[in-house]
Amino acid sequence: MKQNQEQLTALKDAVDGEWIAQQAQAMVEIPSVTMQEADVCQYYAAQLGELGFDVDQRRVTDGRYNIYARLLGTGDGPSLMLNGHLDTIPIGDCVPCRREGDRLYGRGATDMKGAMAAKLGALRALQTAGITLAGDLWLTAIVGHEEPEAQKDGPLALIEDIKSGRIGGDRILIGEGWNELWVMSMGSMVFIIELTSPRGGTHTTYIPFGENPIRFLGDLVQRITAYQEELDTGALHPLAGAERIDIGTVAAGDYFNRTPALCRLTGTLRWGPRASAEEVLAELRELAAPIAEAGQLELEVSMIHEREPFETSGNDAAVQAAAQAHRFVHGDQAVVAGKRIVGDANLFVNLGGVPSFYYGPSNETAHSDVEWVSLSRLTQAAQVYALTAVEYCGLSGNGR
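Each residue of the sequence shown is one higher than the one before, counting from 1 in UniProt numbering.
Honestly, the hints are just simulated from the structure, not real lab data. Values in this document were obtained by computation on a predicted structure and should not be read as measured data. Treat the hints with care, since some could be wrong.
Just the calculated beta-carbon pair ranges, DEER-fashion [stated by the list, open to error]:
1. Gly92 to Ala235: 19 to 27 Å
2. Ser164 to Thr61: 54 to 62 Å
3. Gly165 to Asp13: 35 to 43 Å
4. Glu300 to Asn257: 45 to 53 Å
5. Ile304 to Asp13: 22 to 30 Å
6. Thr9 to Thr61: 41 to 49 Å
7. Phe209 to Thr61: 46 to 54 Å
Cut-off 20 Å, straight-line C-alpha distance, at most; resulting in silico cross-link-like pairs (DMTMM-like, lysine to aspartate or glutamate) [unchecked claim]:
8. Lys339 to Glu180
9. Lys339 to Glu364
10. Lys339 to Asp246
The beta-carbon is built from N, C-alpha and C at its ideal position, and this holds for glycine as well.
Could you build the full structure based on these sequences and the hints that come with them?
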């Protein structure tokens, strides 16, 4: 790393793992299912206040707030935003919160209250070590990430605040996922294909089976199967591999001896940075059109919940800063990864215009009934976050 090794070692040692563990446990003990995040938002804001930060509580809806804080730099370096979410999926049958050895159990432990505690720990370590950054370091905690009913209101509010200048950040580092540099996600959509018969439902006795709309729905399923085989053997993304199409539901008919008036197929499609959502939807429409034409059926292809793909270069300065921080903490090279799954970086890059990537302590037990996070990995993540800030934002008087 570019900075003084003794100073970096002192910063690394300033990260207080037990303090982070206590913060993480306190947050896990506060239920914060999406749309019910008020209590954990208040707690997180209070902890930032105790560290001496001016806290900006941005109302998203009544009782629900994004939490923003800034470690002010001297203004002669780039700014970095550490970001994550405070809401969780429903608690369900998840094990209750408890500490056991190196593990913290409970809903949200790994997704992602542990990482949010680690970010607090990183800011605290920078203060303890007496570090003054050249660029600003922002910490943003958002609501509305997990459950569809929120419609991503927290991330979208943050994007509005970036555009308005309420908050800053030349790069966004999201504390989610594994302790690797996740720099690319495929796009994702839920697609709906509808085949409608102009003659409506008709007694099957009067319709040859070869003209039954269900037969053509079967042809469509077979064509999608062949399409996935084409994707598997076609151009593969170097980080995320093959694009993927999946079928989730197939619905047709309303009575055992009537042909269906409407056949509907829904599924998911994940694609790489080669195309936009509209372009991929057009490809899907082109795939289905010959089948609809053969059956003399009306075709409609639509999408919901679409997310455009994103990719941040592995050579980006912030990604390289995180890679160097990982090497300083772990002694090895960080894995650079891409995923088929989507997250908030897809929004931050495409709607907010800010290059983004992920680095988290863990993700192996996210959304599981036995959710837990390694406390030692939270300490290491906090060290990586703090050292990344130093390397990317620079030290006061040293530039970058």
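Taking the hints in turn, this is what the structure says about them:
1. As the Cβ distance of Gly92 to Ala235 is approximately 40 Å, the hint placing it in 19 to 27 Å is violated.
2. As the Cβ distance of Ser164 to Thr61 is approximately 18 Å, the hint placing it in 54 to 62 Å is violated.
3. Distance hint check: the CB atoms of Gly165 and Asp13 are about 36 Å apart, consistent with the given range 35 to 43 Å.
4. Between Glu300 and Asn257, the C-beta spacing of about 26 Å breaks the proposed range 45 to 53 Å.
5. Under the hint 22 to 30 Å, the C-beta atoms of Ile304 and Asp13, about 49 Å apart, miss the expected range.
6. Our hint of 41 to 49 Å for Thr9 and Thr61 holds, since their Cβ atoms are close to 45 Å apart.
7. About 53 Å separates the C-beta atoms of Phe209 and Thr61, a value consistent with the hinted range of 46 to 54 Å.
8. Taken as a hint, the Lys339 and Glu180 pair is honoured in the structure, with Cα atoms around 12 Å apart against an allowance of 20 Å.
9. Under the criterion of a C-alpha separation no larger than 20 Å, the hint pairing Lys339 with Glu364 is consistent with the structure, at around 14 Å.
10. Distance check on the hinted pair: Lys339 and Asp246 sit about 16 Å apart at the alpha-carbon level, within 20 Å; holds.
Hint violations for this structure: numbers 1, 2, 4, 5, all remaining hints satisfied.
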